[in-house]
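There are 2 protein chains.
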Amino acid sequence: MKDFSFYAPTEVVFGKESEEQVARLVKKYGGSRVLVHYGGQSAKRSGLLDKICGLLDEGGVEYALLGGVVPNPRLSKVHEGIALCREKKIDFILAIGGGSVIDSSKAIAYGVPYEGEVWDFYAGKSQPKTCLPVASVLTIPAAGSEMSEASVITDDVHGEVWMKLGYSNNISRPKFAIMNPCRTFTLPPYQTAAGVTDIMLHTMERYFNPDCDMTLTDAVAEALMRTMKDCVFEVLKNPEDYRNRAQIMWAGSLAHNDVTGNRVNGDWATHQIEHELSAMFDVTHGAGLAVIWPSWARYVMKANVSRFVRFAVNVTGVENDYTDPEGTALRGIAAMERFYHAIGMPNSIHELIGREVTDEEIKEMARKCTRNYTITQGKFKVLRAEDIEEIYRMAR
Amino acid sequence: MKDFSFYAPTEVVFGKESEEQVARLVKKYGGSRVLVHYGGQSAKRSGLLDKICGLLDEGGVEYALLGGVVPNPRLSKVHEGIALCREKKIDFILAIGGGSVIDSSKAIAYGVPYEGEVWDFYAGKSQPKTCLPVASVLTIPAAGSEMSEASVITDDVHGEVWMKLGYSNNISRPKFAIMNPCRTFTLPPYQTAAGVTDIMLHTMERYFNPDCDMTLTDAVAEALMRTMKDCVFEVLKNPEDYRNRAQIMWAGSLAHNDVTGNRVNGDWATHQIEHELSAMFDVTHGAGLAVIWPSWARYVMKANVSRFVRFAVNVTGVENDYTDPEGTALRGIAAMERFYHAIGMPNSIHELIGREVTDEEIKEMARKCTRNYTITQGKFKVLRAEDIEEIYRMAR
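Chains as they are written, first to last, in the numbering used here: chain G, 1147 to 1542; chain F, 1147 to 1542.
Chain G with its partners taken away, still in its complex shape:
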């Protein structure tokens, strides 16, 4: 069994009135001049932004505002945030939104005290020594960034083609996360389903690891995945179902705070292969994952058929045909594909981007995914560029 570490220091305040505590929490964790960082219009339209600003005012906390973070958040916006933080002498970053805003906040937090180019960290050229404290008022359960050490940024500044790269460091784990499930009632069905897909994939990436020998963690992971499948149908029927919205919101954190498995030992090939789709076509990450996972699964299945059998039986509810493990495994993968379809997720790249992906685009994505053929992806089965191309073709 692999050694592991577990570190999830984020203080979670969960419930209908949780936002009321924002000023107290910011001050508790040392903030006095806050960057309130948000995405598009929804934080304004919903009144959440005004509410948070009002609470900070009441609490005597100064702040500056920066909106406009987009899905697949951009390095150019991170640069803008770093400049603003320096100008305003910001000492705390409060993200209002989902993974994109929190990830962007983490990048700004690394960048402010760093003299060089913050992209260095994502490109693997340097390591940050320190960063500003980050926290969030979560509005989109999906990325799990509210408790994680991870962030993913798309470089729209350097070079002709955009690169989407992740960087993980415990110093960026958010100080607190305010989670009010009511704030997710207005999430459209597509975003809701994509979020649950992302949550389940964070668990699946850990579940399909090369060791597969921690039955406790497996059982916890299966419990989360099974429950999410039920919850998502309930909230798609009734968007204001508090109990199920709450469970999805909490699952988003558990799926990425390492309770369902150690991130470092996970596979992550599906995520990496999807990152190239998002970078090239700017699609919703969760929807991209729904497209890639079944092809990844069929391609790698023989590396450990019994793992896929366990997944099929314990997560998708497929009957175990003991005479035909591969058949059972394949029926589990097909069941996931039907689940994605049933919640409104695409089943192919064509469905995802609205046209056929070309061979050149596939080759280009595989090239970038392997950093010009210099690295492999995945641990459950190690994948080279030609394997990744084949997975894109199977998913096309």
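Quick caveat, the hints were computed from the structure, so don't treat them as lab data. Some clues are possibly wrong.
The list treats identical chains as one, so a pair stands whether inside a single copy or across any two.
Here are the simulated lysine-lysine pairs, DSS-like style, with alpha carbons at most 30 Å apart [as the list claims (entries may be wrong)]:
no.: 1; residue 1: K1162; residue 2: K1190
no.: 2; residue 1: K1509; residue 2: K1525
no.: 3; residue 1: K1148; residue 2: K1321
no.: 4; residue 1: K1234; residue 2: K1173
no.: 5; residue 1: K1173; residue 2: K1271
Since the structure is predicted, the reported quantities are computational estimates derived from the model, not experimental observations.
Starting from the known structure of chain G, arrange chain F on it as the hints suggest.
Positioned in the frame of chain G, the structure of chain F alone reads:
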């Protein structure tokens, strides 16, 4: 659904070589003059104490030693620790052992900077403003104190009868926990089984809550309880089974760091009723829990039969007789009783203490359990002194 908070900041370092990091971790969390706090001879005999001291020496960390913590740790020892810490200007407490040593360390940590009597906190008369940092090298998986905010101390100083009381405060959450499953290979079968009983009960106390409306948390809790039942038989057969020792060790933390449910919403009557048994007869906490829980369960079952049916089916594997929910529930309780028997735990107070408990003793325990008839216990069903007496009688 109840609001909740989640805060589990302890850095866990888990694995065969984890102790090697002790000096680095102590320094990371601000320790320079450490109290190395331990229990009986096993830490010495196993060589662990010498190893830790050697590593602290190598790392340039000063320390003082204090051994002799006993199960159901005593206030008199806490006083001794406080005096030693003040004398030696200790700034960090490192517990080497299980729940008793960690709980004692937390009490010392509260007491050092406090001018009054530390028992005030446990007696509910005062709240600490600060405490010394605490961390542990865990050797007994059971109490979950290595990640929790809770500690339980027995007052052997004031008054004629000993009082065993718990106190919980987030400021005492340990900074780090070093967990090497190999250190648990030498745990005797009885302590191993009592530990697993305690771990499962920490989850059961949360599972039998008055709301029962978070299916995600329920599923995670059931996963943990089912897995523990398998793991304990494996390590009783083969004490050096690393994988299953590791799973028990990690489950001990998960069962009490609120992943399996929010402590505040839990029932905790079984724990409180057992505390009086431990205080009066100085028995092993886990063994006491095994004796009390089935009687508690039968006594309170009708408060929510369907909850007990779910437990019976999903945890004990009893078949659901839909025509007879109470029968299903009772068969689940009986199955737990057989499980306790199978792992060597007692099934009655008689078996636990080696003689019949008297009516006077039962009345005395119920009196203390309700603080002289001034408070109730439990949330799943609220229990008064006469209810608690009846549970003791059912368990006698």
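Could you tell me which of the numbered hints above are not met by this structure, giving the numbers in increasing order?
-> The structure breaks none of the hints.
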